[in-house]
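Enquirer: Using the sequences and the hints, build the whole thing.
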Amino acid sequence: MKQPALPRVLAALALVTAAGAAFAQSAGSVQSLRGADVDETVTVNPIFHQDEQRFDRAYRQQPPLIPHTIDKYQIDLKANECLGCHEWANAPARGAPTLSMTHYVDRDGVQSETVSAGRWFCNQCHVPQVDAPELVENTFKAFGQ
Amino acid sequence: MSDTYKSEQRPGLFRRIWRFIATPSGVFSLGFLLIAGFVAGIMFWGGFHTALEMTNTETFCISCHEMEDNVYAEYQGSVHQNNGSGVRATCPDCHVPKDWGPKIVRKIKASKELYGHFVTKSIWTPEKFEEMRIDLAAHEWERMKSTDSRECRNCHNFEFMDFTVQESRAATSHQQALDEGKTCIDCHQGIAHDLPAGYLERYQQVVEKLANE
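Chains as they are written, first to last, in our numbering: chain A, 335 to 479; chain B, 1006 to 1218.
One or more of the hints may lead you astray.
What the hints assert, rightly or not - For lysine-lysine, the following BS3-like pairs were computed, each having C-alpha atoms within a straight-line distance of at most 30 Å:
| id | chain 1 | residue 1 | chain 2 | residue 2 |
| --- | --- | --- | --- | --- |
| 1 | B | Lys1214 | B | Lys1108 |
| 2 | A | Lys412 | B | Lys1117 |
| 3 | B | Lys1114 | A | Lys475 |
| 4 | B | Lys1114 | B | Lys1133 |
| 5 | B | Lys1114 | A | Lys412 |
| 6 | B | Lys1187 | B | Lys1114 |
| 7 | B | Lys1133 | A | Lys412 |
| 8 | B | Lys1108 | B | Lys1126 |
| 9 | B | Lys1150 | A | Lys406 |
| 10 | B | Lys1133 | B | Lys1117 |
| 11 | B | Lys1126 | A | Lys412 |
| 12 | B | Lys1150 | B | Lys1117 |
| 13 | A | Lys475 | B | Lys1214 |
| 14 | B | Lys1103 | A | Lys406 |
| 15 | B | Lys1187 | A | Lys412 |
| 16 | B | Lys1112 | B | Lys1126 |
| 17 | A | Lys475 | B | Lys1117 |
| 18 | B | Lys1187 | A | Lys406 |
| 19 | B | Lys1112 | B | Lys1133 |
| 20 | B | Lys1187 | B | Lys1133 |
| 21 | B | Lys1150 | B | Lys1133 |
To be verified - Every beta carbon over 10 Å from chain B, so not counted as near; a handful from chain A, in silico:
| id | residue |
| --- | --- |
| 22 | Ser363 |
| 23 | Thr432 |
| 24 | Glu471 |
Said to hold, decoys possible - Beta-carbon label-pair distances, calculated as ranges:
| id | chain 1 | residue 1 | chain 2 | residue 2 | range |
| --- | --- | --- | --- | --- | --- |
| 25 | A | Phe382 | B | Val1092 | 21 to 27 Å |
| 26 | B | Ile1109 | A | Asp405 | 36 to 42 Å |
| 27 | A | Val470 | B | Lys1214 | 51 to 57 Å |
| 28 | B | Lys1214 | A | Val461 | 25 to 31 Å |
| 29 | B | Ala1056 | A | Val364 | 51 to 57 Å |
| 30 | A | Asn457 | B | Lys1133 | 26 to 32 Å |
For the record, the hints were derived by calculation from the structure and aren't laboratory data.
Ideal placement from N, C-alpha and C gives every residue a C-beta, glycine not left out.
Expert: See below:
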């Protein structure tokens, strides 16, 4: 007795599918590469960015904060790239604030055309800020707060 | 009679070479000579090009200690070596023109660097390099300024620069530079290598020198 081919093929296919499903069930749930379920929100570590607004002084003698990135700026015995814009002679053309005139007076009170050696390393006092939370608790209150 | 007299004398070297070149071949067919010449031409050009490109790699540049210990060391961590997108600009991308003509001119000029390395040893030690640095830098500034920073503009172009995604300070300066017809190197000196003392004054001298030419 000869049966038609199609039902036999379909029956075989159903058997294989059922077996496969059973095997997958026994192997446990699907493992995700990111280590969390697919419907779970995963937060990445935030990247903090440079604050770019002009900063108010928090107290009268505060050295003004830097409102731009200074990552690749060379400040060493040979060159000071900050002065490329902030030196009094370059500032008007570059639209940058000029150094305070106190920075042209050396420790003996002698005024000169070029920045005083004691003021050469800008980032000893002037620093940029990022929008990151404080690493340690800080109870400092700025002037006027 | 004068012909016989001439043939008895051995002609000079250049005359003999010229005769060898000018005499038609009696052995090879024209087709063979044509095809052989064609194949030899491809081989020669391929070889020339491969050799040229071999000298146009970072590996080749830093095979001299002067480059590896000074400028290559300083370039580490600079934005053209290490950045968010992982795209790098290596030595020849900035220091060798891409177009064939200017590239060959630069390559010929660079033979002076070989002379400096092998013969005069002008930048053999870090101290010597430091002494020469401002002159070396001025050469590059002059080259950049005179070609409107051609090598920078292989990748960077004002027309495709979105000022709105730039830091406000950068956007303002770039707009100003565009309006005033400035070129990259006018502001961006020392982006990949250390700057020498008095670099701004020296750059002004370079600009004035080019303006007077």
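Enquirer: Enumerate the violated hints, using their earlier numbering and listing them in ascending order.
Expert: Those not satisfied are hints 3, 13, 17, 20, 28.
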